[in-house]
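Here is what each chain is made of, one letter per residue.
There are 2 protein chains.
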Amino acid sequence: MKDLKGAAIFGQSGGPTSVINSSAAGVFIEALKQELITEVYGAAHGIKGIIDEKFYDISKEDIKELELLKYTPSSALGSVRYKLKDVKDDDTDYKKLLEVFTKYNIRYFFYNGGNDSMDTCNKVSKYLKAANYDCNVIGVPKTIDNDLFGTDHCPGFASAAKYIATTLMELNLDAKVYNTGLVCIVEIMGRNAGWLTASAALANYKGLGVDLIYLPEVPFDVDKFVDDVKKVCDKNNNKAIVVVSEGIKNADGRYVGDFMASATDLFGHAQLGGVGAKLGDIIKERLGVKVRAIEFSLMQRCAAHIASKTDIEESFKAGQAAVRYAVKGQTDKMVAFERTYKNGKYVCKNKLLPLKQVANAEKTIPAEWINADGTGLTEDFVNYALPLIQGDAKAPLEDGLPRFAKLKKVLATKD
Amino acid sequence: MKDLKGAAIFGQSGGPTSVINSSAAGVFIEALKQELITEVYGAAHGIKGIIDEKFYDISKEDIKELELLKYTPSSALGSVRYKLKDVKDDDTDYKKLLEVFTKYNIRYFFYNGGNDSMDTCNKVSKYLKAANYDCNVIGVPKTIDNDLFGTDHCPGFASAAKYIATTLMELNLDAKVYNTGLVCIVEIMGRNAGWLTASAALANYKGLGVDLIYLPEVPFDVDKFVDDVKKVCDKNNNKAIVVVSEGIKNADGRYVGDFMASATDLFGHAQLGGVGAKLGDIIKERLGVKVRAIEFSLMQRCAAHIASKTDIEESFKAGQAAVRYAVKGQTDKMVAFERTYKNGKYVCKNKLLPLKQVANAEKTIPAEWINADGTGLTEDFVNYALPLIQGDAKAPLEDGLPRFAKLKKVLATKD
Chain S
12 MKDLKGAAIF GQSGGPTSVI NSSAAGVFIE ALKQELITEV YGAAHGIKGI IDEKFYDISK
72 EDIKELELLK YTPSSALGSV RYKLKDVKDD DTDYKKLLEV FTKYNIRYFF YNGGNDSMDT
132 CNKVSKYLKA ANYDCNVIGV PKTIDNDLFG TDHCPGFASA AKYIATTLME LNLDAKVYNT
192 GLVCIVEIMG RNAGWLTASA ALANYKGLGV DLIYLPEVPF DVDKFVDDVK KVCDKNNNKA
252 IVVVSEGIKN ADGRYVGDFM ASATDLFGHA QLGGVGAKLG DIIKERLGVK VRAIEFSLMQ
312 RCAAHIASKT DIEESFKAGQ AAVRYAVKGQ TDKMVAFERT YKNGKYVCKN KLLPLKQVAN
372 AEKTIPAEWI NADGTGLTED FVNYALPLIQ GDAKAPLEDG LPRFAKLKKV LATKD
Chain X
12 MKDLKGAAIF GQSGGPTSVI NSSAAGVFIE ALKQELITEV YGAAHGIKGI IDEKFYDISK
72 EDIKELELLK YTPSSALGSV RYKLKDVKDD DTDYKKLLEV FTKYNIRYFF YNGGNDSMDT
132 CNKVSKYLKA ANYDCNVIGV PKTIDNDLFG TDHCPGFASA AKYIATTLME LNLDAKVYNT
192 GLVCIVEIMG RNAGWLTASA ALANYKGLGV DLIYLPEVPF DVDKFVDDVK KVCDKNNNKA
252 IVVVSEGIKN ADGRYVGDFM ASATDLFGHA QLGGVGAKLG DIIKERLGVK VRAIEFSLMQ
312 RCAAHIASKT DIEESFKAGQ AAVRYAVKGQ TDKMVAFERT YKNGKYVCKN KLLPLKQVAN
372 AEKTIPAEWI NADGTGLTED FVNYALPLIQ GDAKAPLEDG LPRFAKLKKV LATKD
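Which chain is which? The protein sequence lines are S and X, in order.
Numbering of the first sequence is given in my numbering, commencing with residue 12 and proceeding in unit increments.
Numbering of the second sequence is given in my numbering, commencing with residue 12 and proceeding in unit increments.
The set of hints was computed from the structure by calculation and includes no laboratory data.
Any copy, or any two copies together, can satisfy a pair, since identical chains are not distinguished.
Pairs of lysine-lysine, BS3-like flavour, derived with a Cα cap of 30 Å:
| # | residue 1 | residue 2 |
| --- | --- | --- |
| 1 | LYS94 | LYS250 |
| 2 | LYS417 | LYS71 |
| 3 | LYS94 | LYS301 |
| 4 | LYS246 | LYS94 |
| 5 | LYS59 | LYS114 |
| 6 | LYS44 | LYS114 |
| 7 | LYS320 | LYS75 |
| 8 | LYS59 | LYS417 |
| 9 | LYS187 | LYS250 |
| 10 | LYS320 | LYS217 |
| 11 | LYS114 | LYS417 |
| 12 | LYS260 | LYS301 |
| 13 | LYS187 | LYS420 |
| 14 | LYS242 | LYS65 |
Put together the whole structure using the sequences plus the hints.
So, in structure tokens, the structure goes:
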């Protein structure tokens, strides 16, 4: 293994989270320390910024601002949803990448994202290798969906879960305040895996939770749903709180939100809004109760003011580890988390997984963690998720409001 | 003035807030200390709980739990929206109230709420006086809407404003993360006064705010709105963040959300959802850009995890002051806030206002605080609101989640 000396570039990809910038801080602060790394670049809008030769010179940033990235939500460099074509079909982007890598002597490529981003990472890695261009490529995991294969959990999940559990506890108190009936239907993100929706079970564990939980892992039946809600209403003076994943599917695997959008005839009008609002309309019609549909929308992925300290720290370390692994010669891998317990206390360790393994797999909630009725989680889930949401950390306050990182974003140039 | 000795009862009314329970803590903790107060009761579901003779014996509660009320959102005793009839039309409720007051020797009545609750308070006060029943009646203000007459601001407003400003700062970072267009339309509570929607200006003050602010105070014109958004989109690569009050009205004074609900023909389908979603559809149709409509829904009034410490403390003191004023013989009044500055530092003092004055008035944003275009606030608003949102305080964490107050709620009895 020879020492690889050159520049490093880091990009952020896919939907932002509360802590994706903490991984950026980890990569940048560590890379700036490494002797083998001559320059540190941050790509504007992920892989697109590299192709377009638009990236920032991180050495120009104040270290204080890089530290503040830990507590700054969203993707400070800009994100992208851009799928590299198969190199056999079209190698234009790859050629441009190689040209830019060569021009800037980029020998370290770090990419932060979910499954799709790991696929991008893997494609770039393979292309560079085939072109005999030495470059160590390491993926840094990120997704509130928590659905990456081979890692105990994903950076970003715990902070979203903490937001969801805390907010549901608050909503529980609010929604039950009157002596009259109200069904609250809360829609939560997650197209294919129910981890985020499941985090409602943490609020249940604290005794201020929800009555029913609907996950994408369990085939959804509208009639059973109405029946489930009716049972809760009958028992609780027409009060119920229900969470549904945006990704619930019927027995045929079709998204409930999609097929209900076309069912304009059911109640004589077009169904707008998310699946929660649509189910709310059905409950209103069939049970004749007051309904409030709530979407946690973008807030669940950017509420940095209630991030998990554990998540922030693990995300930072994942970025730091990526750099350390890379300068030691590792490539074509993703940093992953392994859970151990030391004297009964949760400990998170880093490990590496081949990018190819992660790129096209998906981790859903184990069937045995879902209760028999398909509307709740077992305590295994609570035991899994609870250590991840521990600790509070957030941006310092200035005028009572968060002081987020402000980057100078000096464009890198090379003539 | 003679000393009035007897029981005290406290009730919560109207929409809950993050800090209404802090006022409850103030009333309870102070009342338990007062020698003239023989018993302390908390009414279940406000005035309805008194009429139904359903209230809790607060002396049975742990003081630790009463302290935790400061950080516990919603109305711990249960709330109510119940309008007392005019005594001339129907005095049934009043007779029942007098009967209960007499039976329990209730000589102090504290009621926590907004305009309507102050009206209730005033009616009860007048009836008891006419019946020659000695009882000191003091209202404690509460409303996220901040629209009570005669008080500098209202308990509950600042915590909601802090949630809104912080969340908009986070959304600003999130919504602008891709290199593609997105118009975010955020709908904020407030049917007649725009104070909460205006608090978006605090996020603007920190440089991470919104492009356009639409208040109920300014007549709303859909075409101007589309034009305003278009201008922002043209300048900012089709990116815009807009906040609208749920209470925006057209020039005729009709709620935009209401008249748009009946405009089913405009785009051939029924308009569901709030006014934000409806305006989002119009922007999508007319400007052809991607739109995301977001509602802060109940979260804006119950997000105790990001309450303003100043608000919590002032709410507590308002409750405490109500008791102190009452035992000194004051009655038929509401505790109000007066702002002063000491060495340039904001100081909030309590004062008293006649209930009658508060009951049927409403305070909207001064016209001179709204910019010429009607889409933003002047710095006068920022100077007004900023001191109110200072400081962080929240429930202690247990398992990484809030430990809210748990009351025993032992029903009071008298044979």
